[in-house]
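So the sequences go chain by chain: A and B. Here the working numbering is used: position 196 in the first sequence is 196, and no number is missing along the way. Here the working numbering is used: position 21 in the second sequence is 21, and no number is missing along the way.
Pairs count within a copy or across copies, as identical chains cannot be separated in the list.
No farther apart than 25 Å at their CA atoms in a straight line, the calculated lysine to any residue pairs in the SDA-like style are these:
id	residue 1	residue 2
1	K309	K341
2	K133	V234
3	K66	G99
4	K170	E275
5	K48	S22
6	K309	R246
7	K208	V166
8	K221	G114
9	K56	G182
10	K208	S168
These are computed hints drawn from the structure, not numbers from a lab.
There are 2 protein chains.
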Amino acid sequence: MHRHTFLFLAACFICAAQTSDSQPASSNVRNAEYPRIHSDLRITFRLKAPDAKTVKLHPGGDGLGKEDMKMTQASDGFWTVTTDPAVPGFHYYWFLVDGAIVNDPASETYFGYGRPSSGIEIPEQGTDFYLPKDVPHGEIRIRPYLSKITGEWRRAYVYTPPGYDVNSRKRYPVLYLQHGAGEDERGWTAQGRVNFILDNLLAENKAKPMIIAMDRGYASKPGDPANLFEDVVVKDLIPLIDTSYRTLTDREHRAMAGLSMGSGQALQITLHHLELFSYIGAFSGTIRNFDANSSYNGVFADPVAFNRKVHLLWFGTGTAENALIAATRAAHQALEQAGIKSVLYESQGTAHEWQTWRRDLREFAPLLF
Amino acid sequence: MHRHTFLFLAACFICAAQTSDSQPASSNVRNAEYPRIHSDLRITFRLKAPDAKTVKLHPGGDGLGKEDMKMTQASDGFWTVTTDPAVPGFHYYWFLVDGAIVNDPASETYFGYGRPSSGIEIPEQGTDFYLPKDVPHGEIRIRPYLSKITGEWRRAYVYTPPGYDVNSRKRYPVLYLQHGAGEDERGWTAQGRVNFILDNLLAENKAKPMIIAMDRGYASKPGDPANLFEDVVVKDLIPLIDTSYRTLTDREHRAMAGLSMGSGQALQITLHHLELFSYIGAFSGTIRNFDANSSYNGVFADPVAFNRKVHLLWFGTGTAENALIAATRAAHQALEQAGIKSVLYESQGTAHEWQTWRRDLREFAPLLF
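Generate coordinates for the entire structure from the input sequences, incorporating the hints supplied.
Have a look at this one:
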């Protein structure tokens, strides 16, 4: 029996008897019967396009497959395809209908690839660290602000932990947490489930209560493509968070992490501003061409001073991120040889996808503050 | 000169010189050049669908037009159409590509019609009451909860006014505010701009600081289609809000309003539970077949008692909501004849769309508490 089949059936036996071999994905909109997840994690997708000539399923990322999959038309105008067993986690996807990019009306959309994109949640059996449980819950707060840097309205998504409103004198450390390319400030909540991950860690006493601030990693002035995100973080966002929330405002209580493009931003912004940050997390991103004397303006040149200042320099990568895992291991080794302490976490079997980054956060957050 | 043209040019002169006759809609995703709004509020939509046979623009609601509009294909694979001048406000839309429902990759999606649907924001010249301004801002808080009624996870969107976190002893009245059919708890924030409307009213001292709680108007147990939303409000949501936020918990400080389907829910829930509510708002909804002795279990039978208990019974309708405006005027008159005080607000020139409901909220909120 396939491993997924066994685990899936075991979970079904626990939660509710399922008579069918498949059930609607939890990410479907209310009452949508498709996409359906089979017991072996094959997925059947369906789209109504009665007059189309060709319809394909396009997977975003590797979790649903690496190639576009041709769908076949039934007499009722619906096109369907069933994939091979999927990797558990969150996967973007869309359809190609006679060459047009088409989101699935039956799934929620998530901001990725620079636009709203369909997504599907594939359960990972035996794992519930990012699911809502009957534990105390924090909030995600949407806070608009006018950027002094770009002159435009922006918004931060801010996680406040359970109990934040109860004890009005307690102050909290802050993790700044960034999405990847083509995503935005909503990503860590909608795709990443940041609030449930933290709620669950806190319920088990595995992490310290913290505020998590998430912003859009793109920031430019109208007509000027330069990305001013570093300035936005330092001059807009940190002051906004420190004046709007009960934060601990010293560098000992401020961390930054990000995934993919966001890992590069986290490394750059923290290593440029060690007066502001003392914990650093790079999820699916690494330091390339490490040189102790020149990388990041020579911040690594004095390893004793660096190790004293930086309490955590953390790299996480999925073992299915082929080129990246080798580069990350190499950087970790080079840092070690230069006397710089860092942590390397490898997420088993996952690729450049949100399941890797959910696991990153689960492992990273307990090491903070 | 068309009225819209004049106002639009005047606004452009004030905000920034525009050399082109059209500009990207504010609702476009970052860097998307289409849809484009012309100075006379015609809209040009564009979609890439190189192999499609037919592509149409489908307006959701009347603001962009009442009929599907055929798009024409250029040699580069893009299909375009330019509409007649649009009604200002927020409008849903999508494309029909060889019969398939296709959201516009260039616009944000909004939950409407039971699925994520594209939307476009058409500016109303001279009006900025729902736009972000440089005034103190409240927050929208996303709060997950496990429903005792349905056994399922739900979430409330909760507006807390500016200053909520500053004075930790102040308590606030609560408005429960509902979306329309096919929408969900996100509607009043994403489509309605509830937070900016309240922030702006509060900055002008036109409304009392209040908490606004918004939930999904659908609530059913797995396998049972009955909508248990009234029970969810009374037994889940009100206790959640009253225990999670610093609320004033008596009926004198609790209001409920809703739009379209939500107006029916607001009337039903409040009139069934006058022990809980004393302010009532029906946006684009009315009481049909009013009978003082039998409507809503006879709650109107004693007008003196009703008027003493209910501080506001409010009906709002757009003058372009043809059948509804007559019915609403008739109900208002029937209530008056029965000695029941109510307020009738008519939104000039708007239909069954969000611009009506934004104006409803602007007029309704100042009358509360």
